[in-house]
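Student: Here is what each chain is made of, one letter per residue.
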Amino acid sequence: MSKIETRSLNVYYDGGTVHALKGVNIKIEANKITALIGPSGCGKTTFLRALNRMNELNGVKTRGKVLMDGVDIYSRKVDVIQLRKRIGMVFQQPNPFPMSIFDNVAYGPRIHGLRNRKLERIIEESLKKAALWEEVKDRLEESALKLSGGQQQRLCIARALAVNPEVLLFDEPCSALDPVSTARIEALLRELKNDYTIVIVTHNMQQAARVSDFTAFFLMGELIEFGETMQIFEKPRDKRTEDYITGRFG
Amino acid sequence: MVALISVVVLFAVVAYIFLNGMQVISLNFLLKSPNYAALDKGGIFPQIIGSLCLLAVCLLFAVPLGIASGIYLAEYATENIITKSVRFFVECLAGIPSIVIGLFGLIFLVYYLGFGPSMLSGGLALGFMILPWTVRASEEAIKTVPHSYREASLALGASKWQTIRSVVLKSAYPGIITGILLGAGKAIGEAAVILLTTGGLVTYIPHSLLDDVGALPVYIYMVLTVVPASRAVAESYAFGASLVLIMMFLMISVFALFLRNTYVKRMSGSRR
Amino acid sequence: MSDSECIRTFKFKFRRMELRKEKIIEKLLFVSALSSILIVFFIIAFMLKESIPALALGWDFFFGMTWHPSHEQFGIFPIVVTTFVVGIGALAIAAAIGIPTAIFLAEFSPRWLRNIIKPCVEMLVGIPSIVLGFFGLMVLVVFIRDSFGGYGECILAGWIILAIMTLPHVISISEDSIRAVPKGYKEASLALGATQLQTIRRAILPNARSGILASLILGMGNAVGETMAVLMVIGNPEIPWIPSSILEPVRVLTSTIVLEYSYVVWGSMHQHALFAIGVVLFVIVAIFNLVTTVAVKGRFGATTAIKGVIGSR
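Chains as they are written, first to last, in our numbering: chain A, 806 to 1055; chain B, 30 to 301; chain P, 782 to 1094.
Just so you know, the hints here were simulated from the structure itself, not pulled from any lab data.
Treat the numbers as computed from the prediction; the structure is a model and nothing was measured.
Treat each hint with caution, since some may be false.
[Stated by the list, open to error] One-sided and incomplete, this derived list gives chain B residues near chain A with beta-carbon spacing under 10 Å:
#1 Leu-33
#2 Tyr-178
#3 Glu-180
#4 Leu-185
#5 Gln-191
The C-beta atom is built at its ideal place from N, Cα and C for all residues, glycine as well.
The following block holds chain A by itself, in its conformation from the complex (with noise of 0.2 Å):
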């Protein structure tokens, strides 16, 4: 069963001058990974951002519908603080707020009230989860700016799992890493989608190819073509596909 579907989804930029997503309709799987890849400005970012209704923060329109497990969550009676409970987010460049290890991965859990006690299991089990608990759990009181990179990113990933959400949404979590990083964090993904519904945003076809289970390809604002990775990559069905994936553009 599909967890998250879009019903020709339509999103416009700058008091609608921009026409930035056009009709996508798309049924994401639960428990899969799937990736978003495309040219750089073909929308596959602000869909991403369509389906927690972070696009809201710039001033975005959004017409059309997403359904998280049937319920549309473009709906008014749709709390979007709860939404974003649900669907965690992973930035492009690792983003810790200048707090403590302990600090950022209890951000979450805190605002939604949760006091110290059962905190710290929390933390140790996100931490765990996201790889990074050996790496510091010495040290959880000290500033997350001094991690590295791709620590900093793994630290990121911990902080959305702590406040338990349903689907992570990555938004080229590895753009700003190196290969060894990279690597930890696609090994990382396989591991969480038997627990969450993975959806990533990657410029990296390798990347898609290696980590996803389905693959949609965005073009200029529209949805050119969705479905199994393998067959994605090795028998596309649209033409413009295959010329971007033979590298001919993009």
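Following the hints, complete the assembly by docking chains B and P onto the known chain A.
Tutor: Frame of chain A; chains B and P shown alone:
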């Protein structure tokens, strides 16, 4: 060579005040109440406490208001006529000469609202004076907080206010503190405003907000102008009070640096 | 994972209480932001209200040559003239010292020297004006009396003290605007074979001009509005006149208020006249600030210069 003039002037003033002031400073001077009939029998204790009290009232007024205004301007306001006029009037307020704020305090706080020459009048008038500093310092500091912190927090399901309170303000805190303490340094040395809004020759420590209060800058002025004492005694006492005043200013500055440094050291690593 | 069940609870509904709390907080912040406007309005309203009887004297107030309250004469013209004389002179000194200092700091100074000078300049702002005035009274006034004769308390002393007070502003804003001149200008000029001095004069200063000008006008505003320091060193004669020498004691607008407020009869014309002086001061300083903003706007280094203006006051 010319560039060194300000350095020389600074050291000349500080050294001169220090050397002359040290000769008067004693426990008696610091801990006794002033005796305006026989100046050399008294001290400046109520003035020291009074200056601190005035500063406290001033900060209690200007800091919450300034930070709140700064948050509003930086986080909530959209660019429109209201925010533009708020910024314009903050500039206006910053440009008003302190003596005019003193006059306003005299007519509005002391007479119109009936606070009389008191700690409340003086503190609030000082608060009017430093409010623009606290507003600007907060707004500037908040604006330098990276946008990615806000996004990360919102993506975790934090509300706007939670984000501001637990991420934005935490990161902006050193800048805000520095700005506020700069304002505090200005407030503690300010004479004209306090002169017009409090009484002059005070010999006691205030017990309530509406009690009259003495302050070091006013004491220096009074000792040199209206207090009947021999010239030499008056001057030496003015030196003593000046030294204490400068010391208080220095302590505020050092405190500001200390707060900022410990915070920066604790919360930022060597990377990025 | 059952530990986290409590944060998993997810309901599609408004959390009305919290939303309302957020709205209230936003309202409170908005009201706080309005407080500055309110204060300025109150200041203008009360100052005007108290000074209208004196302002209504019109010509006799603004251009009357005699200020003699006990004879019911309230002409502030000599005081205004002296205020400007004192302010402009102080500024000339501050500019003569401050601009070269700023050029030195921005273009020539080795880092370590700058690290000494810069904090000292900033500390200079921090010396309480009453203390600086006292220093002036004890050192400057005595020095002038001994070397030039006269009372010692005079325009010259006022100039020097005010120059010291405005110097930090002039230096820091000028330095910022010199630094804001794009590096390319300087390099282009040097590459054409200009000497460093020529480069500064022909390529850098013209482009930093608006910032430097702004610093001077702003310094002027500060000098005119300054009270305690200047009060202590200029003598303040009972009946002010337009001075003919820089060694004469004089009176400025600010010192008049401080010296006379304590013995005015409340509700008398004298009191109104003092508040009217406050209004005149307010207007003069406001004009200077306005000119600064206009002078800085729309020119090179504008933003930096404005920040400098904001930062250093």
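Student: Checking hints one by one. Is B:Glu-180 an interface residue toward chain A, by the C-beta closer than 10 Å rule?
Tutor: 7 Å, holds
Student: Taking the closest Cβ pair, is B:Leu-185 under 10 Å from chain A?
Tutor: This interface hint holds because 4 Å falls under the 10 Å limit.
Student: Is the interface hint for B:Leu-33 satisfied, with its Cβ closer than 10 Å to some Cβ of chain A?
Tutor: Nearest chain A Cβ about 39 Å off; hint violated.
Student: Using 10 Å as the Cβ threshold, decide whether B:Tyr-178 counts as touching chain A.
Tutor: 6 Å, holds
Student: Given B:Gln-191 as an interface hint, is its Cβ closer than 10 Å to any Cβ of chain A?
Tutor: Constraint on B:Gln-191 satisfied, holds at 5 Å.
Figure legend: structure checked against the earlier numbered hints; the only hint not met is number 1.
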